[in-house]
Each structure stands twice: as structure tokens, then as C-alpha cells.
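A.B. asks: This is what each chain is made of:
2 protein chains.
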Amino acid sequence: MTNRKEVAKLAGVSEATVSRVLNGVGPMKESTRNRVLEVAAQLNYKLNAIASNFARGKSGNLGVVLPHVPKVHLFSTYYFSELLSGIGEAVRSKGFGLLLLFRDPASVYDYVSLYRTQRVDACIVLGASAFHTEQEGISRLAEERLPFCVIDQQFNNPLVSIVAADHEQGSYEAVKHLIDKGCRRIGFLNGSPQYSNSSDRMLGYRKALQDASIDYDKTIIYEGNYSRTSGNQAADRVYADLDKLDAVFVSNDRMAIGLIQGLRAKGCQLPRDLRIVAYDDSDAASLTEPPLTTVKVPFYEMGQLAAEKLLNQLVGKDDTSFIIQEKLQTELKVRQSSGS
Amino acid sequence: MTNRKEVAKLAGVSEATVSRVLNGVGPMKESTRNRVLEVAAQLNYKLNAIASNFARGKSGNLGVVLPHVPKVHLFSTYYFSELLSGIGEAVRSKGFGLLLLFRDPASVYDYVSLYRTQRVDACIVLGASAFHTEQEGISRLAEERLPFCVIDQQFNNPLVSIVAADHEQGSYEAVKHLIDKGCRRIGFLNGSPQYSNSSDRMLGYRKALQDASIDYDKTIIYEGNYSRTSGNQAADRVYADLDKLDAVFVSNDRMAIGLIQGLRAKGCQLPRDLRIVAYDDSDAASLTEPPLTTVKVPFYEMGQLAAEKLLNQLVGKDDTSFIIQEKLQTELKVRQSSGS
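Line order of the protein sequences matches chains F and C. In terms of the UniProt record's numbering, the first sequence has 116 at position 116, counting the first letter as 1, and numbering is strictly consecutive. In terms of the UniProt record's numbering, the second sequence has 83 at position 83, counting the first letter as 1, and numbering is strictly consecutive.
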């Protein structure tokens, strides 16, 4: 590999001089400058944006910190894959690298050391929860005023930059759609309570019921963990409650698919026996039988927006002290699972 | 942010001394060592594996270089998401970071500079093709004898480490399955020819026909680009050829789903009118109507294996001069799309 040492030797200058020429730093005799550039070109030693960043003490990387969830193929979930596709597009178009790192949600993750050791210039935190360890890690990061952004999780801390979707609005519209179709007894299969986007969905569900003067009935609230398996498991309880249900609102497509498979295995006909509205509008939503009425969430755009805002701060286009606060709207996609 | 400077100031030593104590380098008076460690602890300046790597001139990152494909949400394709999940698991379990970088397949990518600038310690190349630019970039990398591995693409270069799946075997079994069901006129919707895994599928297809004494008929060979849209577009030609087809073998699930949607829109009943065998066994394979008979490819395991082999070289467990050559077996999953 051609390196600085070889260039220095052939050009008859010090390694420091090579660096100064290639990085355009400091005064330099024209003849020296030309000799170094010629030798470097001859040896195919290219100064690129990366090397230049590196010389300036920057990594050129945007960090993305994901939770480690045993046995789950994280990138294969629609949620993470779309967020990462959006982040990846922004990172690529601005010439940065995307450094993926995994955290254990049960420990306080040391975000700050990522900056100190020059591994990242900014960070995006995905899949954060209300666990105190997670909150603590992010609070420490916020205190240092380092550039970072959390996606899709609320924090009671004005220093935390957040890009989120309006899940209260999305859930409100999903439940209102069922009410408009004449449903009164609407169950709710929600995801894990440690995510604020689960509580936001609950707020929207309750508000839609309230606006239609329907009493909240906690006996038809079910809980899963956003996996297909947990949706499949919920089918037992939902099936037992079938005579008191017109419909079920489900917090993501994966759980809805598991629930549908479980109910069909018990002989249910959908949407005749039960109307279903899901959430995400993943690729699978239009493949199921019946195809899913679901709330489309702009995950790709959320990832792209968060990354662009952070990278604009890094290249000096935006002020780094600016706290990002963005909430994107969702959109109901009506298909057959909610009935005709 | 607590940094080396502050520790040095409070301990009354130079910054170089702080580094030497924290990295355990060189001789040091016990009293100085203790003072630095006390101050560092007091200021919560932790020396972690990352900082230590960094000090030794290592990045602690495994690079993964992906092709940039305009408009495609790369992480949302089953192929890339599963490979990345497997790579991610290996990287996480060994305490490394995963640096994602994007290349333009039409240019010669400068892999070597990633090592020179200490952005990565090793590299995995995904989605490589037979384009001469791609071959050139990888050949240069191989010449430098830097640790890297290509996944799922063959190269005529003994210095290139490769982890692949046996697509010839997978395709052979898929086509043989159709022949065993009595099919003789078996069309083939293949993916883009610049990928060696497409030509490998063709080899398996032709061998299965040959072993059953069925002539190869180039008029029933169709071409897509592995996208759902391209499968949908192929439906026109397949529909026009319906009277001369018993079945179609399709090179991935996405194209098969597009083809099925296109054929159903024209009024076809599957598998009655046409039997289909697909490839990948993605999540969607069991959701379609009819569910897909398909060749399961161990993408997750391929990613994990490539990353583990490279990281073992980095930590000195395996010899770095070792060329990785692994070919994993596929498995046919029989469902309804190939008929009962």
C-alpha cells in the first residue's frame, strides 16, 4: 500500500511536509508543493475527502446505535430496515460513512466515548425505550451538547433532538375509520409499553373512542411485543373474546399478520368475523389475505430527515446548538381487512 | 466532555503521560500511574476497548461496502437485510463496529484507502457484479493482501476470499422438483446477468433439464432484475406463452410475487394454470396466495460466517494470509405454488 512514508522518501521531504501539502495546510514553497504532488500522483496516493477528514480529526462517520435484541434479525424488520435505508441515503449523498453500533438496553451506553475516540461525528439512536438505563445514556449525551438525534421515542428533556411520527394522530384515524364503518366494540393489540410510540398509540385509540362516546374497556386491550409470534399468541385471547368484538386495532403489521394467521387456523373468516386495522404499511401489508388496512408511517423519510439535519450541522450549514424537533404525519391506507 | 487534557491538568502530568498510563504503554512511576488513574476515574474518563484500539492505530470497525442503487430501499430487501443481520451479529458479539459504505458500481471503488485512513480493519463486499469496474476495485484490494471477503459473487482470482451459496445446486433441485411433478415445459425468469449467482442458477436449471432429457428452449427464458416490478412486467410475456408452459422457475421471491400478482390480474389461477418455484424463502414467501415453494438460502449464516472468519484473522486467531472459500448449501421448501 502506498503511504505517506514512501511519498516523503521519493520527494525528499519529511512526512509532515507531505501531509501539509496534501491537506493544503500552512505556507509552502511552490517547488516543494509540486514535487510532492507529482510523486503522490505517480504513486497513486490520492487525497480524498475521507483522508482529509481524518487529518482534521473527523471520522466522516454518522453513528447509528441500535438495541441488541437476541434472536431477532433486526435489519429484516420493516421498522429498522426502512429507517436505515433513509439514513443510508442521506449519508451516502453527503459522502459520509454509516457506523452501526449495538447497545445492550439494560446497560448505560457510553455514547460520549464514540465522539471522544473519533469514531463518529454525530449519532442517531434507534429503538430507544423508557428503560432508565436508556434514558440515562441519552441524558449524558444531551448534557455534553454533542450532535445527536433520537428517532421515534419521546423524552422529557428539552436538550434531546427527536424526529418522530405522529402516532397519536395515526391511531386516532385508524380507530375512527372502524367507528365510521359502524364498529363500537374495538379491541386493541398494542406493542411493548416501554416505547413511547406504544403509549402514543394508546392515546389516539382512547381519544377516538371518547370522541364517539364509546367507553374504554380494558378487558379488550391485548399486549404483544411487535413480533409476529406475539400476534399469533394473542389470537387465543382475541378468539375467546370474539362475541364481544367488532374489530381489533393492531399496533403493527407483523403482529396483525400473526393474529390473522392464528385466527384463520381456528376457522375464522376475515373480515367477516372480525375487522382489523394494522399499522406500518410494510411490504407484507398488501400480500396478506385479506390485504391489510393499515397506517402508513414515513420511516424512510424520518431516517433521511434526521440524518440530513445532523449532517447539515456537521458541515456548518446549520447551527450545532439547534435542537431538532420534527413530527411527521402518518396516512391511513384502506384495504380489505377493515371490511367493505 | 471529559478529555485527556483535563485529566492531564488535574493530575499535573502531560497528555502523553495520560495516554501512556491508560494504554499501559512504556515504563511509569507507580505514584504517577496511580495519580492519573485516580483523576481519570474521578472525571469518569474510561479507557474502553474502543479507545484502546484507536490508540493502537486500529479502527475497531468491519467495513461493509454496498452498491448504491437509485430509488431502491436496499436494507428493505430480504437479501441485504439478512446478510447484514448475520454480519451485525458477528460484529456485535466480538465488540466491533460495522461501517456501512456505499459504492457506485460504475466507478472503481478505492477500498485500499479505507484501510490506509484507518476507517476499517477489514471489509466485506456485498452485491458485487461482473462489471469490469467492480472487478478492478476488488483485484486491487486482493493485490494488497488486505483482509476482506466478497459475499455471493464468484471471481476468477485465487486471492479473493468468498463466502457464497451453492446456487447451482439450489436451482437444480428447484427444477428437478417440477420435473418430478410431471412438468416438462419449464420456463425460467432469471435475474440480472451481471451477477454470477444468476449464471449459477442458469447452470443448475440447464443441468436439471439435461438430466431429464428435456431440451433447453431459449424462447421460454425471461429476464428481470430481482425487483418485484420486473416480475410484474414479465407477466405479459409469460401470459402470452401460457399454452407452452407447465411451470416457471423464478430466481427470487420478489420477482415471483410480482409475476403472481401480474398473472392473477389477468385472471390466471395458480398453481392450476401455471406452477411456480421461487428462490430465497423470504418472510413474504409464506404470505402469498398461493404460498411459495422456494429455495431457502442461508443469507444470515453467510453474513455471519464471513464476518467471523475475518474478525478471527484480525484478533490473531486465524492467519491473515488465509483465503476464505466457503460455499453453503440451500434447501428446497415445498409449499402450494408448485402444485399438490
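Think of the hints as simulated: they come from the structure by calculation, not from any bench. Hints may be right or wrong, so weigh each one.
A pair holds if it fits inside one copy or across any two, identical chains being indistinguishable in the list.
With a cut-off of at most 20 Å between alpha-carbon atoms, the simulated SDA-like pairs for lysine to any residue come out as follows [as the list claims (entries may be wrong)]:
#: 1; residue 1: Lys58; residue 2: Ser113
#: 2; residue 1: Lys94; residue 2: Pro105
#: 3; residue 1: Lys176; residue 2: Gly316
#: 4; residue 1: Lys94; residue 2: Leu305
#: 5; residue 1: Lys309; residue 2: Leu328
#: 6; residue 1: Lys94; residue 2: His68
#: 7; residue 1: Lys5; residue 2: Glu144
#: 8; residue 1: Lys244; residue 2: Gly316
#: 9; residue 1: Lys333; residue 2: Asn157
#: 10; residue 1: Lys333; residue 2: Glu308
#: 11; residue 1: Lys296; residue 2: Glu326
#: 12; residue 1: Lys218; residue 2: Arg264
#: 13; residue 1: Lys94; residue 2: Leu314
#: 14; residue 1: Lys309; residue 2: Gln261
#: 15; residue 1: Lys309; residue 2: Ile214
#: 16; residue 1: Lys244; residue 2: Leu203
#: 17; residue 1: Lys309; residue 2: Ser31
#: 18; residue 1: Lys207; residue 2: Asp273
#: 19; residue 1: Lys244; residue 2: Gln269
#: 20; residue 1: Lys29; residue 2: Ser340
A.B. asks: Against each hint, give a clear statement of whether it holds in the structure.
C.D. replies: Against the structure, the hints:
Taking the closest pair of Cα atoms, Lys58 and Ser113 come within 20 Å of each other both inside a single copy (14 Å) and across two copies (16 Å). Taking the shortest alpha-carbon separations for Lys94 and Pro105, only the inter-copy value of 17 Å comes in at or below 20 Å, while the best intra-copy value is 30 Å. Taking the shortest Cα distances, Lys176 and Gly316 never come within 20 Å of each other, neither inside one copy (44 Å) nor across copies (60 Å). Within a single copy, Lys94 and Leu305 get their C-alpha atoms as close as 13 Å, which meets the 20 Å cut-off; across copies the closest is 31 Å, which misses it.
Taking the shortest Cα distances, Lys309 and Leu328 sit within 20 Å of each other inside one copy (14 Å), while across copies they are farther apart (42 Å). In the homo-oligomer, the alpha carbons of Lys94 and His68 lie at most 20 Å apart only across protomers (13 Å), although the nearest pairing inside one protomer, at 28 Å, exceeds that limit. For the identical chains of this complex, Lys5 and Glu144 are inter-copy neighbours only, at 16 Å across copies versus 38 Å inside a copy, given an alpha-carbon limit of 20 Å. In the homo-oligomer, the alpha carbons of Lys244 and Gly316 never lie at most 20 Å apart, since the shortest distance is 58 Å inside one protomer and 63 Å across protomers.
When the C-alpha separation of Lys333 and Asn157 is checked against a cutoff of 20 Å, the pair qualifies neither within a copy, at 34 Å, nor between copies, at 50 Å. Taking the closest pair of Cα atoms, Lys333 and Glu308 never come within 20 Å of each other, the shortest separation being 28 Å inside a single copy and 42 Å across copies. Only within a single protomer do Lys296 and Glu326 lie at most 20 Å apart by alpha-carbon distance; the minimum there is 17 Å, versus 41 Å between protomers. In the homo-oligomer, the alpha carbons of Lys218 and Arg264 never lie at most 20 Å apart, since the shortest distance is 25 Å inside one protomer and 42 Å across protomers.
Taking CA atoms no more than 20 Å apart as the test, Lys94 paired with Leu314 passes inside one copy only; the shortest distance there is 11 Å, against 30 Å between copies. For the homomeric pair Lys309 and Gln261, neither the shortest alpha-carbon distance inside one copy (41 Å) nor that between copies (39 Å) is at most 20 Å. For the homomeric pair Lys309 and Ile214, neither the shortest alpha-carbon distance inside one copy (42 Å) nor that between copies (59 Å) is at most 20 Å. Taking identical chains as interchangeable, the C-alpha atoms of Lys244 and Leu203 are never at most 20 Å apart, the minima being 22 Å within one chain and 58 Å between chains.
For a Cα distance limit of 20 Å, the shortest separation of Lys309 from Ser31 qualifies neither inside one copy, at 42 Å, nor across copies, at 47 Å. Taking the shortest alpha-carbon separations for Lys207 and Asp273, neither the intra-copy value of 25 Å nor the inter-copy value of 50 Å comes in at or below 20 Å. Proximity of Lys244 to Gln269 under the C-alpha cut-off of 20 Å is restricted to the intra-copy arrangement: shortest distance 16 Å within a copy versus 37 Å between copies. In this assembly of identical chains, Lys29 and Ser340 lie within 20 Å of each other by CA distance neither inside one copy nor across copies; the values are 79 Å within and 81 Å between.
Comparing the model with each numbered hint stated earlier shows that hints 3, 8, 9, 10, 12, 14, 15, 16, 17, 18, 20 do not hold.
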